[in-house]
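Undergrad: Each residue of the sequence shown is one higher than the one before, counting from 1 in our numbering.
Honestly, I wouldn't trust all of these hints.
[Stated by the list, open to error] Below, a list of computed lysine to any residue pairs in the SDA-like style, where the Cα atoms sit at most 20 Å apart: (1) K72 / A88; (2) K72 / K82; (3) K110 / V126; (4) K82 / I71.
[As the list claims (entries may be wrong)] Here are the simulated distance ranges between beta carbons: (5) F80 / S111: 35 to 43 Å; (6) L76 / M112: 34 to 42 Å; (7) F64 / T94: 14 to 22 Å; (8) I62 / A118: 31 to 39 Å; (9) S109 / A88: 14 to 22 Å; (10) T61 / I84: 35 to 43 Å; (11) Q6 / E83: 41 to 49 Å; (12) F80 / H48: 18 to 26 Å; (13) L9 / L96: 32 to 40 Å; (14) L53 / I4: 17 to 25 Å; (15) T104 / R130: 14 to 22 Å; (16) Q6 / Y100: 31 to 39 Å; (17) Q6 / F64: 34 to 42 Å.
Hint data in this document are derived by calculation from the structure and do not stem from the laboratory.
Heads up, the beta-carbon is just placed ideally off N, CA and C, and yes, glycines get one too.
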Amino acid sequence: MPDILQIILLLLTGAVGGFMSGLLGVGGGIIFVPVIDYYLQKQGINGHLLVTLILANSLATIVFTGAVGSIKQFKLGNYFPKEITFTALGGIFTSLSVSYLIATTTFYSKSMFNIIFALMLLALIVRMLRNQKE
């Protein structure tokens, strides 16, 4: 059972992630994935269940943000059914395939996941700094 300090820290982390996501245009996953990983491990959750929960959290977030963004674009008249269909089919196939592979095989490695995540974060930081200078 989380104590009040943990709840406050999680709420604060959510606020920081939401602020970064909304103001800077970067995904909140930069903050949320490491925090969720750390918090769930402290609760004794490890291995494939940990990965499944982090992926489920990320996918749930994507569903809500995608729906809000889609409604906004539809209202603005930026609706292109053919392009949307091809992009959606590719995204659905890829996400289901990767989720299935992670859940059913043993190729997943936490250390490799952390390295890949850190590299992606580094690339995002470099891109943000480069765009800021231009």
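Undergrad: Taking the hints in turn, state whether each one holds.
TA: Outcome of the hint check:
no., hint, result
1, K72 / A88, "holds (17 Å)"
2, K72 / K82, "holds (18 Å)"
3, K110 / V126, "violated (24 Å)"
4, K82 / I71, "holds (17 Å)"
5, F80 / S111: 35 to 43 Å, "holds (41 Å)"
6, L76 / M112: 34 to 42 Å, "holds (40 Å)"
7, F64 / T94: 14 to 22 Å, "holds (20 Å)"
8, I62 / A118: 31 to 39 Å, "violated (21 Å)"
9, S109 / A88: 14 to 22 Å, "violated (30 Å)"
10, T61 / I84: 35 to 43 Å, "violated (20 Å)"
11, Q6 / E83: 41 to 49 Å, "holds (44 Å)"
12, F80 / H48: 18 to 26 Å, "violated (38 Å)"
13, L9 / L96: 32 to 40 Å, "holds (34 Å)"
14, L53 / I4: 17 to 25 Å, "holds (23 Å)"
15, T104 / R130: 14 to 22 Å, "violated (39 Å)"
16, Q6 / Y100: 31 to 39 Å, "holds (33 Å)"
17, Q6 / F64: 34 to 42 Å, "violated (24 Å)"
Hint violations for this structure: numbers 3, 8, 9, 10, 12, 15, 17, all remaining hints satisfied.
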